[in-house]
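In order, the protein sequences belong to chains A and B. For the first sequence, the positions run 1 to 124 when my numbering is used. For the second sequence, the positions run 1 to 124 when my numbering is used.
If you're looking for bench data, these hints aren't it; they were derived computationally from the structure. Among the clues, some could well be false.
Any copy will do: because identical chains look the same in the list, a pair fits if it lies in one copy or spans two.
Claimed, not checked - Taking lysine-lysine and the PhoX-like style, the derived pairs with C-alpha atoms no more than 25 Å apart in a straight line are:
no. : residue 1 : residue 2
1   : Lys85     : Lys35
2   : Lys85     : Lys111
3   : Lys64     : Lys45
4   : Lys64     : Lys35
5   : Lys35     : Lys63
6   : Lys111    : Lys35
7   : Lys85     : Lys63
8   : Lys85     : Lys45
9   : Lys111    : Lys63
10  : Lys64     : Lys111
11  : Lys111    : Lys45
12  : Lys63     : Lys45
Protein chains: 2
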Amino acid sequence: MRARVEEDTKGRRQVYEACLEPCAIERGMRIIGGKWTGSILWHLKDGPVRFNDLARMVGGASKKMITERLRQLEGQGLVHRDVVKTSPVTVQYEITEFGRTALGFLDELRKWTESLPADLPKNV
Amino acid sequence: MRARVEEDTKGRRQVYEACLEPCAIERGMRIIGGKWTGSILWHLKDGPVRFNDLARMVGGASKKMITERLRQLEGQGLVHRDVVKTSPVTVQYEITEFGRTALGFLDELRKWTESLPADLPKNV
DNA sequence: CAGAATCCAACCGGATACTG
DNA sequence: CAGTATCCGGTTGGATTCTG
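Please model the entire structure based on the sequences and the hints provided.
So, in structure tokens, the structure goes:
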């Protein structure tokens, strides 16, 4: 098996060697587990959202982060970018059909997180 | 609402302000989305695994990483550490009942990743 | 509005060597 | 075997400023 060279969620160069190839869990996490990535995708589930609105919805992430993640998601075909020629221009981000295939997992994650007891051991 | 100060998967200090509190997706990702975290948990699903065996199973991660993640998972109550007094000592890591509650969506993630077409747009 | 550009301290994580 | 300790270059991501 040849070594694969890819970019993960954060644009980091990842070299997957023969016997070091991460399992599906790890690969998946590298795709949608990056900081803010899942959250961004999730907030697009109900329809197109404009850049600044998205930034507000994903509260906590800087514009820089939102931009980087969106570019990545776009490059991966999970999100579609649409420029509306108003003045000033507005930009709509929309989840693609492919992107929607990840929502099932994200919803499971959401349910899991929300089910966590309030008195967790530590750090959870 | 007061600001919460916690540690995420990677032990980073995270300050969650009132209106900046991440959504469940993001919080969940901070718990099990860290590098190697999901993979480690996943590889414990079939029963206790010893340290070095785990390191091999999660191929690619250094011992340092395995150790750090295991300590974290242990502190969160997702994994239990058991020292067996052989000579030299062996250490077994076992997923807890609580930890098992995370396997559901991890399996969703696995299925999602494995379903990805071979000819993906980019970076996926 | 929707970014792009820059700065930079903090952190991450691999490599290596060592230990009981 | 199951770690710990240390080094250290690379990456990350927040803050800030600027633009069409």
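Report task. Any hints from earlier that this structure breaks? Give me their numbers in increasing order, please. Result -> 1, 2, 9, 10
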